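There are 2 protein chains.
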Amino acid sequence: MSGLPVVGQKLDLKQYFAGVKPDLLDVEERIKRQAREFDPAILGYIEYALESKGKRIRPALVLLMARATGGIDTTPRAGHANLAVIVEMIHLATLVHDDIMDGATKRRGQPTAVAKWGAELSVLLGDCLFAHALKLCTHFEEVEINRAIADASREVCSGEILQTQRRFDLKLTIPEYLKIISMKTGALFRVSTELSAFINMEKGITEEQRQAARVYGDCLGLAYQIYDDCLDIAGTENSIGKTTGTDLEKGKLTLPLLHVLQQDLGAEKDAIAAMILHGNESDRQKLLQVVLERGGLKYSVRKIQTYLEEAVRALDLLPPGEFREALQGIPSALISHVGNLAK
Amino acid sequence: MSGLPVVGQKLDLKQYFAGVKPDLLDVEERIKRQAREFDPAILGYIEYALESKGKRIRPALVLLMARATGGIDTTPRAGHANLAVIVEMIHLATLVHDDIMDGATKRRGQPTAVAKWGAELSVLLGDCLFAHALKLCTHFEEVEINRAIADASREVCSGEILQTQRRFDLKLTIPEYLKIISMKTGALFRVSTELSAFINMEKGITEEQRQAARVYGDCLGLAYQIYDDCLDIAGTENSIGKTTGTDLEKGKLTLPLLHVLQQDLGAEKDAIAAMILHGNESDRQKLLQVVLERGGLKYSVRKIQTYLEEAVRALDLLPPGEFREALQGIPSALISHVGNLAK
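Chains P and Y supply the protein sequences, listed in that same order.
For what it's worth, my numbering labels the leading residue of the first sequence as 1, then goes sequentially.
For what it's worth, my numbering labels the leading residue of the second sequence as 1, then goes sequentially.
Derived from the structure by calculation, the hints contain no laboratory data.
This structure is a prediction, so every number in the text was calculated from the model and none was measured.
Careful: at least some of the hints might be erroneous.
To give an idea of the chain Y side of the interface with chain P (calculated C-beta under 10 Å), a few residues [as the list claims (entries may be wrong)]:
| # | residue |
| --- | --- |
| 1 | F38 |
| 2 | G118 |
| 3 | L121 |
| 4 | L124 |
| 5 | A131 |
| 6 | H132 |
| 7 | A133 |
| 8 | K135 |
| 9 | E144 |
| 10 | D151 |
| 11 | R166 |
| 12 | F168 |
| 13 | K171 |
| 14 | T173 |
| 15 | M183 |
| 16 | E268 |
Even glycine gets a Cβ: it sits at the ideal position worked out from N, Cα and C.
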C-alpha cells in the first residue's frame, strides 16, 4: 500500500532519554535476566520475546519521572528499576497477544513469536510474561502499587476487547474511541509515571504532584496512540518502518475517520459506509482522500497537540530541573513533529 | 471415536463438599459478582466465562481445608472466600485459552468462548480474567500470598508451554511428563490447599501442617490429571461426558502410552512410533489396544493410587474431625473409583 507521504522523518526521542541512559541499560539487563527465572526448556521463547528491539518508552518514562521527583530508588528493592521492568514486560505480553490477533509476521524487522512458533505457543508465552510481571509486583511492600498495576493490566485487556468488539461499527463515537485508547494505551503510561512518583512520596513528593505525574502519563499515552493511528492512515511504510493502512483493513475506526463520520455527509454517506464495511484496497485509498479533504487528519493533530500541551502543563507542578525538562521535552518534540502530519 | 467402555460411571464428589455447601454458594455468588467490576460493554463475555458449569473443585478444596485447619476466615477481608474466587478465576482463564488452542467448540455442553466469539476475543477474555484474579490478590495484606499465586499462575502457563513443545516427542520421559502435569495442574491445587492452611496460621496451624496441606493438594492434583489423561484413553464419550481420544490425536503423550514407550518394544517399535506420529483414527484404536495389552493403564492406575495414598497420609498431620475426613474422603473415593479403570 502506498499511503500518502506526509511524514518526512521518524520521531526520535533518544536525546530526551540521555540523562537516564545508564539506568536504562541497567533495566535492559534486568529485563534480560528475567528469562533465567523460567524453566530452561522455555527460556529460549521468553528471551526472544524480551529482546524485542522496542523503544522502551515506558521504562524511560519511569526512570525520568523518578529522577524528576527526587531520584531513583537505590534501596535493595530498587523500586523504580523493578517498576520499569514490570511495565515493559506487561507491554511485551500484550504485543505477543496482539500479534496473534493481527496475524502479524514481523515486528521491528524480526519475525513475531506467532510467526515463529504458532498461535498456541504464543498465547501461553504472553500469559507467562504477564504472570511473571505480576510476580515481580510482589517485590513491592505496598499493596497499593500491586493493585494499580493489576488494575492497569485489566484495563489494557478490557480496552482491547472493546476495540475488537467495535470493529466496523459505524456508530462508534469519538468519546468511545478516546475511552478505548485511554484503556488500551493510556493505562500503562499512567501507571509508569504515577507509580514512579508514588515511590518517591517518602522523599517529599506530594499527592498533587503524584496526580500531575499521572495526568502527564495519561495525556502522553493518549497522544501517542492517536499519533500512531494517524501514521497508519497518513504514513508510508518507508517513513515509519511498518505496514500502514492496517487499521482500516481490520475495521478499526480511528480518530481521523471518526471525525469524518460525525459530519453531515449528505449523498456521500452510503458510499463512505460501504467503503469502510467492505471496501477493497483502492476503496481504502479513496477513503484516505476523503479523510484528508474533510479535515480528519487536521482535527486529529489538533487533538494530539491539546493532549500534549496538557502533559507539559501538568509537570509545571514538579520541581524544575534537568529531568522535568526532559519529560516536558518529549511532548514538546511530538507537538512540532505532528505539525508535519497536518500540512 | 468409540473408545473402550471400561469406565462405568462418573465420579461424583458432591457428598464430600456437603459440609461447605453454604460457603460454596457464597463463593459462587462472589464469582458472579466479579463480572460487575468490568466495563458494562464487556460484562456479558466475563459473565459467560465465569458461569461455566464447572465442578468448582478448587474452591471446594480451599473451603474444606479452611474448615479443617481452624475455620473459614470471617474477617472483612474474607481470606478463604477471596482465595477460592481467585484460584477458580485463574482456572477459568486457562480454560478459555486452552479451548482456543484445542479448537474446542463445547465444554460441559455449552459452546466455548472461542466458538461463540472467535480466537481474538477469547485471548483477551482470558487475559482479563487472569488480570482480574491477580487484582483480587491485592486484597491480601500478605505479599507471600500474592507471590505464591503469581508463581502458580506462571507455573501453569509454563507447564502448558512445555506440553505444547513436547507434542509428538517420542523421547518424552515419565519424569518429564510428571513435571509437566505438576506445573500445569498441580500448581493451582497446591496453592488452593496450602494457602488455605497458611491463612489459618494465626489460628495455630503450624509450618508442618501447612506443608502437609501443600503435599495433599499437590498429590491430589497430580492424581487428578493422570486420571483425566487415562479417561481420555480408556473412557467413552457417554460415560464421561466429553470427547475422548483427543490427547493422542494432538500428539499429547500421556502416562499410559509413555509406560509402553519405555518398554523394549522389539519389532513393534517402528509401527507404534508411526501410529503415534501420523496415525489415523483406526491406528489410534490399535494403539489403545497396545496400551491395554502392555499394561499402560494398569501402571497409570497404580501411579494414581500411590499419589492418592500420599495425599490421604499427608493429612494425618491435621487435627482430626469432620472436615479432615471429607478431605481424606476425596482421594479415598478416587482410589476405589480408578480401580475400575484397570480391570
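Under the criterion of a CB-CB separation shorter than 10 Å, is M183 (chain Y) in contact with chain P as hinted?
OK, holds: M183 (chain Y) within 10 Å of chain P, min 8 Å.
Answer holds if the nearest beta-carbon of chain P is closer than 10 Å to that of K135 (chain Y); otherwise answer violated.
holds (4 Å)
Hold the hint about L121 (chain Y) up to the distance rule: shortest CB distance to chain P must be less than 10 Å.
Holds, about 5 Å.
Is the hint on R166 (chain Y) kept, meaning its closest Cβ partner in chain P is under 10 Å away?
With a minimum Cβ separation of about 8 Å from chain P (threshold 10 Å), the hint on R166 (chain Y) holds.
Hint validation: A133 (chain Y) versus chain P, beta carbon distance must be below 10 Å. Holds or violated?
holds (9 Å)
Take the shortest C-beta to C-beta distance between E144 (chain Y) and chain P; is it under 10 Å?
holds (8 Å)
Evaluation of the interface hint that places T173 (chain Y) against chain P, nearest CB under 10 Å
The hint is violated - T173 (chain Y) has no Cβ within 10 Å of chain P, the shortest such distance being about 13 Å.
Can we keep the A131 (chain Y) interface hint, with Cβ of chain P closer than 10 Å?
A131 (chain Y) check passes; min Cβ-Cβ to chain P is 4 Å, inside 10 Å.
So, as I understand it, the hint says F168 (chain Y) touches chain P; can you test that by seeing if any CB pair is closer than 10 Å?
Interface hint status for F168 (chain Y): violated (13 Å vs cutoff 10 Å).
Would the hint on G118 (chain Y) be counted as holding, given a Cβ-Cβ threshold of 10 Å to chain P?
holds (9 Å)
Tell me if K171 (chain Y) is really an interface residue toward chain P, meaning its C-beta lies closer than 10 Å to one of theirs.
violated (13 Å)
Per-residue hint verdict: D151 (chain Y), partner chain P, C-beta under 10 Å:
holds (6 Å)
In summary, the numbered hints that this structure violates are 12, 13, 14 and 16.
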